[in-house]
Every structure is written in C-alpha cells, then in structure tokens.
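Student: Sequences listed follow chains A and B, in order. The numbering of the first sequence is UniProt numbering, which starts it at 1 and goes up by one. The numbering of the second sequence is UniProt numbering, which starts it at 1 and goes up by one.
One or more hints might be untrue.
[Claimed, not checked] Derived list of chain B stretches under chain A, where covered just means 3 residues or more per stretch with a C-beta under 8 Å from a C-beta of chain A: (1) 86-95; (2) 117-125; (3) 130-140; (4) 144-151; (5) 275-288.
Hints were generated in silico from the structure; no laboratory data involved. Remember, predicted model here, so these are calculated numbers, not experimental data. Note that CB positions come from ideal geometry on N, CA and C, so glycine has one too.
Each chain, letter by letter, is given below.
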Amino acid sequence: MAILMDSTVDPAAPDPRSGPSEQKTGREPGRRRGHLARVDAAYGYAFIAPAVIGFVVFVALPIAGVFVFSVQDYNSLSGRSDFVGMENYERLLASDVFGTVLRNTAVFSAFVIPANLVIGLVLAVLVNQRIRAIAIFRAAFFVPVVISLVAWSLVWEVMLQDSGGLNGWLAMIGIDGPNWLADPEWAMTSIIFVQVLKGVGVSMILFLAALQEVPVELIEAARIDGAKPRQVFRSVILPLITPTVMMVAILATINSLKAFAQVFLLTEGGPGLSTSILGYFIYEQAFKAFQVGFASTAAVFLFLIVLLLTLLQWWSRRRWVFNES
Amino acid sequence: MSRELTTAAVVAPVDARGRRRARRARTGGPDRRTRLGAIGMYVLLTLVALPFVFPVYWMFSTGLKTYGDVFENPPVLWPEDPKWGNYLVPFTSGPFLQQFLNSIYIASITTIGVLAVASLAGYAFARIQFRGRSVLFVVLLSALLIPPEVTIIPLFRIVSAFGWIDSHLSLIVPAVFGVPAVLGVFLMRQFFLALPAELEQAGRVDGLGRFGLFARIALPLAKAPLAALAILTFLNSWNDFLEPLVFLRTQELWTVPIALQSFTDPITGTPIWNVQMAATTLSVIPVLAVFFVAQRQFVQGIAGTGIK
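Put together the whole structure using the sequences plus the hints.
Tutor: Printed below as a string of structure tokens:
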C-alpha cells in the first residue's frame, strides 16, 4: 500500500508545481508525477464506471423510485400516476392485513436468525473433527445451498403434503403428523424449517473457517489450567469467533427478509394469511393485485426495516464483537 | 481425542504414556472406546445429514414413480417399476429443452459480463488511488443489503422503459451491472488487495500502463478468485426466481426455475408431481455435478463473500 501511494501521489496533496523550491530542484519530475497521478486516477474512474453506473441505474434509482411510487397512485388502465401524498401509508398502517404481515415477518426472522447461529455453529463443531470422511459430511450439509431454492421448495412441497413422505415416515414411529402446509398452526413452522435447512450450510462453513483459525495454543493453555471442554468453548472459542457470529447474523437477517420463493411455491401466503411475509406481500400486491402504490409503500417499510436492523447490528458490534487490534 | 493426547504428550510425555497404558488396561483393548465413539459419531452425523441430502434422493425417486405412487402410504422408497419415461416427458410435452438452453446461455453471458465488470472495478478499488475511493466502495457494497423485493417494482418500470419486458436482456443487463456485479467487485477487491506491489512496479519498469498492469499482470494471477466468482455468479443466475417470474411472459423464453413450477394440471392447477420432480432432478444434476468436481471454488465463492 505504501509503495502504491508513493508511485501515485495523493490527489489531495498540494500541487508540487506551485512550490518555488520544487521548480528549482525538480520541475520536470514533479510535473510528470502530478500528471501521472491524474492519469492514474482517471483510469481508476474508468475502471469502476461500469459498476458505478450499473449501481445508479439498477439499485439507487429503483430505491429512490420506490419512495416516489409510494406517494402515488398508479392506474394501470390509463398508465397515469397521480400524487396522493401519504394516503398509501395511512391505508397500509390502518389495514389489519399489513399488521399480520409484519408480525409474520418478525416471527419468521426471529426463528430463522437464531436457528442459523445455533445450528450453524453446532454443525461446524460436528464437522470440525479430524476423522475420516468428514469432508463427505461437510459437502452433505452444503448440498441444499447449491441447489436452487425452487428445486428445494418443490421437493419439500411433495414431502410435506398430508400424504407425502414425511407423514408416512412419522406414522411408522407412531406419530400422526399434521397437514404441514395447509394447517395454519404448522404452515409457518414448515416454511421456517425449509428456509433454515436450505441456508444453514453457509453459516456452517463460515463458523468452520472461524473455528479453524482459533489458535490451538490458547485452547491448550486453557485445558492445562483445568478448564472443562464446555468452559473452553464458552470462554475461549466463542469470544474469538464473535466477528463470524456477527457476519452470520447479518447474512441470516438479510436472507430472512428477502425470502419469497418458498412462500410463493409452498403456501402462497396461506392458509389465510398465516405465512404471508413482507417479501411475498410486496410481490402479491404489485404483480397480482396491481396495487403498485400500495406495494411500493410496503417496499419502503421493508427498506426501512433493513436499514434499521443493519444500523442496529453495526452499532451493537462495538459492544460484543471481539476485535483483534 | 488425538489432540488431547498430543497436548498431554507435549506437556508431560511420560505421564501421557502411563495414562494411555492405564486406560488400555481398564477397557481391555487398544482404543476400543475410541472406536465405539467414532461409530457413534458417524451415526450421529448421518442422522443429522439426512434432512439435507435425502430430499435430493426423494426428488430423483419421485420422478420415477407413477402419479398414483407419489403419495402411497407407506412411502415408496424405490418404485417397483421405475418409469424412466417420466424424465422425457418435460421435453416432449413442452419447451423444456429450450428453457434449459435459455438458462444456460443467460447464466453464461451474465457470468462473463460480471467477471469483466467486477475484475475491473475490484482492481481499481484495490490498487488505484483516486478521490472518493473508499466512499464509493462502501456505497456500492450497500447494494448487497437490499432485498430484491424493495427494488423490483421500479426495476420493472426501468426494464419496460428499455423495452426489455419478455426479453432476456431484462435478466442479463441488470445482473451484469447490478447486485451480482457488486458481489464480484467485493470478492475481486479482496484478492487484488493482497497482491504484492513489487509485481506492478516491475511491470511499470517494463513500460506497462495502468491497463497493461491490470490485464497483463494482475488478472493472470487472479484465476482462482475468478473461478470462484464465475461459479457463484453462474449459480445465482441459474437459480434466480423473482426476476424471471416478473419479467418474462412467453413460455419459450422462460428459465428453468419458472418452468419447474409450471408442470401443473391445466384444469385443476395441481402439480403433476412425478413429472415435476423428474424435471427438478434434471435441473439439479448439472449443479451438483459441478459442485462435487469444483467443491473448493464453490465454497470459496459462497463463503468468500462472508469471510473478511
């Protein structure tokens, strides 16, 4: 890095040509270096231009757009948009449906995020053993990650039918399973289950990488001091892997908030509204009910929730995440 | 177990040997307890792994059943008379081959585009000094936090303004320059940051310009992260669901995930389960095949976005 700085001169530094001493001792090199730094910076801007322009058009503009649409009423027949002020917000906040959707989203995330942390860590500990063929098991837990969410949801749709595989096997051990996807008591549980199985492999791999970076000497030192395995885990390993705990929590939060396909494929938000979460609700309102303004307002809420949670997690980071420096 | 022994051996070798001898005497055989423990561990691992891998088998075997056998009780693990023909039905009854090819070419073009956009920008963010570099990078990264449902409605308008509704451009262009590219920028920057500066200085001496340094020196060294990024991008494009669902209309233009959920009875709307599972299996096989061949790149690509 230091060498790089040397060859490229900080653009914020005063122009070397302006100094009289510079002019005497090395005017030509000074000018050349300033020139080079500018040319280099121009290359920098050119190199990032495609990504930055793409970001503006396909990310920033849509985010701004969703705020604009949320104060409009779009008529799909005339194709006209009328300004309606906060009307969509009032309608949305007054509707029982949206309250239920928010509650469902909270329940969904409240189970998916801790499940990713706990199960991910347990799996990582399980596959962090030096035993033969452990790589096969690591790969096994990763299989749902690589196959598509659609394929994963569809096969679980088959297995979770009333007379699908799962209840058949449960009957063999004397359990009378519910109609998983059609029972309002169980539909959300099923969606959460399918989501966690699909993604927990990533959490496992992240935790595994973190566990393998914990210095062996520290664990040994604690053991010699008489710490039991559980104490070693709690007091030595866990504090050291808090950055990964943070990472997994953020990833699981984002993934739980953008869940859509599994709801669309397994329950379509039902039965009733029992599995309608925000991501699905936005799609349904925008592309099935054609309530563009209303759906955009819900999308604004989703955006604000993501923003809030991200800020909260970054703020809380200082309080509990171990920092090496 | 082995780690505990080595620890003890380092600290007090004599004591460790003595303890081991004592244990052997107690259990009446060498490592019998360890072996039993190992078997128990494998049983446990297998049980835990079951819900992760068994569905893939169930996908495959359901694809071989008759429609009536799908919900047979007790469940049929392997049909007596496997209907291999089910695996041909998607191709004969609809444009599944066309949809498969659509997915392959969309994912391929998207991948090539993302590699180009991401390696250029990732390189610049790591190795070139320019004003606003770190701010721009953080702003770009924020794209990774936004759920696609937030932006899908305005994106639909933008895509229709370009005239791309019901065209594959609606899937390719926003991916090449949008969120998947940002993911790539992040991955490539991580790699280029670690590149020794001496290499570029040598290139400078040889008279290479900035683009030469990037294309002739940095990029050839980046094969590993490029491979990981390629696999990740291809996989994400192959698996995309929301965007093709919203942007594509014509059946012949659909991608595989949209096609899979369309194997339904035209009158009742219920899925034709066995054919659907056959098609789903076909869609999963190439991905799993590549996964088992290039496991390391897969894991690096997917986990690399999380590891700092």
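Student: Does each hint hold? Answer for all of them.
Tutor: Verification of the hints:
Check result for the region 86-95 of chain B against chain A: violated, 0 residues qualifying (beta carbon to beta carbon below 8 Å, three or more required). Counting residues of the region 117-125 of chain B whose C-beta sits closer than 8 Å to any C-beta of chain A gives 7, which meets the bar of three, so the coverage hint holds. With 6 residues having a beta carbon nearer than 8 Å to a beta carbon of chain A, the region 130-140 of chain B meets the requirement of three or more and the stated coverage holds. Taking a C-beta to C-beta cut-off of 8 Å, the region 144-151 of chain B contributes 8 residues in contact with chain A, enough for the three needed, and the coverage statement holds.
Residues of the region 275-288 of chain B with a Cβ under 8 Å from some Cβ of chain A number 7, which satisfies the need for three, so the listed coverage holds.
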